[in-house]
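Chemist: Protein chains in written order, with our numbering: chain A, 596 to 912; chain B, 16 to 536; chain C, 12 to 345.
A hint or two may mislead.
[Said to hold, decoys possible] Pairs of lysine-lysine residues, derived as DSBU-like cross-links and limited to a Cα-Cα distance of at most 30 Å, are as follows:
(1) Lys-870/A x Lys-283/B
(2) Lys-870/A x Lys-294/B
(3) Lys-35/C x Lys-743/A
Because the hints were derived from the structure by calculation, they are not lab data.
This is what each chain is made of:
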Amino acid sequence: MTLSAQKTSKDDAQEPRAIVGGTQPPSRAVSRRWRQRSRPPGHQRRRRRSLLVDAAAIWLLLIVLAAVFADLLPIPAYDHRIGRPAEGPALSVARLVGTDGLGRSNLSRLIYGARVSLAVGFVSVLIGMVIGGLLGLLAGYYRGPFEKIVSIVTDSVLAFPPLVLLLAITSTMGASLPSLVVSLGLLCVPTFTRLSRANTLTFAQREFVIASRALGARSWRVVFREVLPNVVMPVASYAFVVAAVVIVAEGSLSFLGLGIPPPSPSWGGMIAAAKDRLDTDPQMVFMPAAAMFLTIFSLNVLGDHARTRFDVRESAL
Amino acid sequence: MSGFRLRLLLAVPLAAALFVGACGGGNSNSPDRASGSVPSEPRSGGTLTLLNQTETRSLDPTKMQIITSTRGDGLVGFALYGGLVLQDPATGKVSMSMAQSLDSTDSRVWTLKLRSGLRFSDGTTLDAAAVKFNWERHAAPGSTSSALTLVREIVSTEVVDPLTLRVTLDKPNGQWPRSLAGYPSNFIASPKSLTGNPDTAPVGAGPFVLKDWVRDDHMTLVRNPSYFDAPRPYLNELIIRPIPDATQRYNSLVAGQGQILYDSVDFKAMATAEKGGYKIFRTDLGGGFTFVLNTSRAPMNDVRVRQAIEFGLDRDVLNDLVNQGRANIVDTIAAPDTPFHDPSITYPKPDRGRAQRLIDQVVHDTGKPVTFTILTNPQNQSTAEAIQTLLSEIKGFKISVSTMDSTQATVVQGNYDMAPSGTFFVDPEPKLWDQFHSGSPRNVTRYSNPKVDAALDTARSSQNVDERRAAYAVVQRALIDDEPVLSLWRLPSSLVHDRTVQNLHTIEDGVLRADLVWLSE
Amino acid sequence: MKVGGGRRCVPRRPRAAAMGRALKARLLHVVPVLFLVSFGSMLLIDLTPGDPAATILGDNATPAQIHELRAQLGLDRPLPVRYASWIGNIVQGDFGRSIRTQQPVLDAITERLPVTIELALLALVMALAVVIPAALYTAYRAGSRADRLGNVVSSSLLSLPSFLTALLLVYLLALRFPVFPVTGWVPFTDDPLENLRSAFLPALTLALTEMAVLTRVLRSDLIATLQEDFILSAKAKGLPTWYVLLRHALRPSSFSLVTLAGLSLGRLIGGAVIVETLFALPGIGQLLVNAILGKDAVTVQGVVLFVALVYVGLNLLTDVLYTVLDPRTRAAKA
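Starting from the given sequences, assemble the full structure and let the hints guide the process.
Modeler: Structure representation (structure tokens):
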């Protein structure tokens with residue numbers, strides 16, 4: 596790509612310079628305000644709505660709907676035996692993907708398991724992101740004693756081996772879906788705080804923030820309208836990854852005996868239960884692992900797509 | 016970055032990894048490693064690496080559990096200390112080892128005669144005074160020894176001469192040598208080493224001496240040249256490695272990181288081992304793998320609920336679900352081919368209808384469903400879940416499962432409804448008495464039946480086989496009727512090994528006699 | 012010129028005084044953290060169910076014996092008293108003895124901490140060796156087939172729980188092709204080569220998850236950085252692509268990476284329990300979990316304190332790295 600060719604496509608985007616100084620890289624906040632004027636006409640945007648993005652969206656929608664309306668579906672209960680253990684797929688709805696180690700319908704367990712895995716993945720991460728992100732943002736911007744306290748508490752929680760915290764919380768609250776979601780969410784908070792604070796520190800020093808303050812904007816306005824949009828990006832992209840990690844972590848907890856108590860299914864728990872039968876009945880591990888993989892992959896694809904929609908510019912390389 | 020450069024960048028660490036790996040070289044152990052025929056004469060020498068489930072926590076006999084194979088205690092204890100008397104699980108016979116004789120005329124006063132010339136590996140003598148010292152340590156106030164029940168039976172010990180100890184019990188116990196064989200009071204440690212620095216390990220007179228111990232990694236034991244039973248032990252060195260995960264333990268065996276492993280629950284791993292050509296040395300025991308029911312509180316205090324569980328659970332189906340049908344279902348309490356087996360005293364056949372009727376009655380009387388929690392540890396979680404699934408097919412049950420890493424403490428405190436346990440015995444003494452006699456500290460079901468108490472006392476005090484057989488018939492019948500435990504299947508205590516390991520013998524419930532083992536190469 | 016938050020610019024001062032102030036600030040941060048962590052661990056142990064006295068006595072516990080043992084172990088004193096007495100011992104170097112095994116806690120820790128640290132470091136190095144080139148390439152070629160393949164690979168790695176990865180790796184690289192041992196640990200001091208061999212599979216298991224996480228994060232930051240104009244100007248100057256990527260793009264995008272790598276390390280040290288259990292490694296994770304479940308408070312507190320110390324040291328390193336990467340934070344840190 597030659598320099599002149601790049602310049603042409605960039606002219607369409609009309610990225611303005613920041614108000615102060617002529618050599619500062621523009622921020623997303625400023626570009627957001629100008630986006631309405633500078634958005635190029637649709638046919639010039641080379642975003643192919645690929646089949647992949649559509650497929651990912653469909654899968655996630657399917658999973659969420661199935662999980663929410665599981666009780667209305669014509670599938671047997673997830674704790675009833677319907678046949679012999681470890682059967683392969685057959686032609687009825689209940690036996691579509693076979694039975695598990697105790698003869699229960701895999702399809703039912705996958706669908707009800709989606710509830711647990713999705714709840715853990717979404718809600719825990721949401722808790723972590725909102726609380727942690729906010730704390731980090733405020734700490735990074737206002738500095739002072741508030742930042743010191745947040746920093747000390749965050750470091751203390753992070754210095755704690757996570758298993759100790761999990762054990763303590765599940766023992767006090769009992770092992771159930773809410774306690775698991777809450778404890779995993781709390782464990783996510785410090786990481787988000789740190790990430791958010793680190794990014795806030797960078798952006799808070801940038802000249803557009805100084806400029807905004809020079810223009811007379813109040814503190815909270817600066818924080819939420821200038822700094823936050825820039826911090827959201829890296830934090831949100833990390834959130835997608837954390838969602839995947841948390842869904843899988845629930846499986847590891849089941850392996851240690853700390854997950855959702857039986858007979859409630861969860862994808863990770865199903866993998867943990869079938870691990871010893873990997874050589875004789877690998878499909879019992881494969882099914883929940885495939886469900887997890889498809890969900891995580893879809894999340895990643897959609898995350899990437901969301902980012903490319905919000906970023907008007909192309910790579911400079 | 017160009018494609019070529021990128022590929023090069025990625026290739027370098029991969030190549031390095033393979034290089035490092037290849038340098039070490041793999042050594043896989045096929046079970047047929049022993050070439051040629053096996054010599055009939057024991058060969059002296061070699062290092063045996065045993066892969067165990069867990070690790071012993073302490074080398075102090077007062078901190079060891081009952082001599083059991085499921086932890087490291089039995090194996091390590093016997094290796095370091097040997098034993099005064101040894102019980103052979105195949106025959107039930109108690110033989111003398113470091114003791115020369117242990118006799119009594121009235122089952123109350125026992126005379127223990129030691130062999131002469133026994134020395135601890137720190138040079139001091141193993142004499143009657145040393146035995147008395149050890150036993151008093153077990154009984155000391157604040158002692159947490161598992162041999163408390165045994166030493167509390169002792170009223171007095173008297174050193175008659177350096178090699179003779181006279182023991183007086185508070186009640187006649189015709190099976191006292193059997194008790195002695197089963198508790199760590201059988202392990203005699205050097206008094207000098209016990210009173211010294213708490214950081215140095217106690218010293219014994221057993222076939223091996225401790226060389227080094229890295230916890231959770233390995234324990235190395237070397238031959239004790241002054242062991243009384245020369246030329247044993249045949250091995251130069253015994254290394255014990257704890258590997259908690261059953262699959263990985265088997266994998267390590269296959270990869271040649273050990274010649275023998277111990278397993279007690281994983282039927283699948285054992286089946287795979289057999290298919291892979293490994294040999295399995297089984298110690299078949301009476302009793303079996305059970306779930307204990309807490310008869311001291313609701314809902315298990317109602318015998319109808321317990322019986323409903325018994326009738327409602329089809330053990331064949333459970334065996335199919337959990338073990339793919341590999342386990343031997345328990346029909347009787349005493350195993351077949353043992354002296355106290357009575358084929359007429361069997362567990363009832365499953366009867367769904369009857370179970371449902373019993374539960375309906377209970378629900379009608381109490382006005383709410385029968386609710387209880389199955390407490391389990393991670394190893395038995397699938398079994399607990401299977402029981403939950405099967406019993407939930409009877410209307411009126413509301414069952415939940417709770418997993419805890421070690422259920423023992425909670426069970427002992429009586430804070431459970433149903434929990435996994437085991438009753439393993441060669442001879443019913445002393446285990447059956449310990450588990451079902453009212454007031455016994457090991458009676459976790461809190462079962463109390465005066466007829467059973469009397470029968471257990473008779474069976475303990477008598478040395479007459481017929482008398483004991485009649486008493487145990489009473490006990491077995493009552494246990495089946497009252498159902499304080501849910502017996503599932505026999506658990507064979509197993510040692511899986513390759514063809515180089517010869518002459519396997521065990522004591523108690525499958526503890527390996529490391530002094531008799533030898534390697535053919 | 013105002014710099015953030017209305018704080019004044021720091022005038023130049025002698026280096027020693029500046030270092031002294033930095034040290035004071037550090038201590039003001041580190042000491043409360045250590046206090047919170049150690050006090051918190053004692054509190055959490057109290058909250059978990061079970062009674063250490065009952066666990067020790069096991070099958071033979073009568074209520075009277077339990078009560079006696081509790082008094083003997085000093086378990087019935089109030090929490091602040093127990094904490095104060097523990098701190099008093101710690102500053103004298105006495106970490107106490109494990110309630111379960113009677114082994115001195117310090118011995119147990121020094122036996123096992125090196126194993127865990129080596130494993131964590133190895134895992135992180137392995138991960139970074141793959142993450143940096145992979146993220147650079149997929150960010151540069153965002154949207155291409157290679158990038159999509161990278162997405163598939165990292166998604167599949169993410170969706171594998173660590174126990175499954177461990178078993179698959181063992182099957183592939185220890186059984187099918189006996190390149191590495193199945194279980195066990197050889198200390199570095201005994202045989203460095205064997206040590207690396209025994210650490211490879213466990214470290215790789217840990218690294219695979221970290222790889223997936225860190226690649227996505229770095230890639231995301233890199234894509235954002237690559238849109239900046241200074242990249243454009245570097246390219247316009249005629250610099251080769253790989254130079255621009257490594258020298259100009261990587262540094263400013265590393266913030267999230269450094270933060271998360273530091274956190275990963277802390278987490279890996281805190282307890283790779285599953286990997287340690289499966290590969291039978293004498294590490295801190297197993298020690299900690301067994302101590303928690305046995306309510307062995309002395310061991311738990313000692314281990315948690317040590318782990319916290321290591322973690323605090325890592326923080327220091329991360330902060331230093333921040334100032335190296337982005338000079339603007341230097342002034343802000345004053």
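Chemist: When the hints from earlier in the document are held up against this structure, which numbers fail?
Modeler: Checked against the structure, no hint fails, so every one of them is satisfied.
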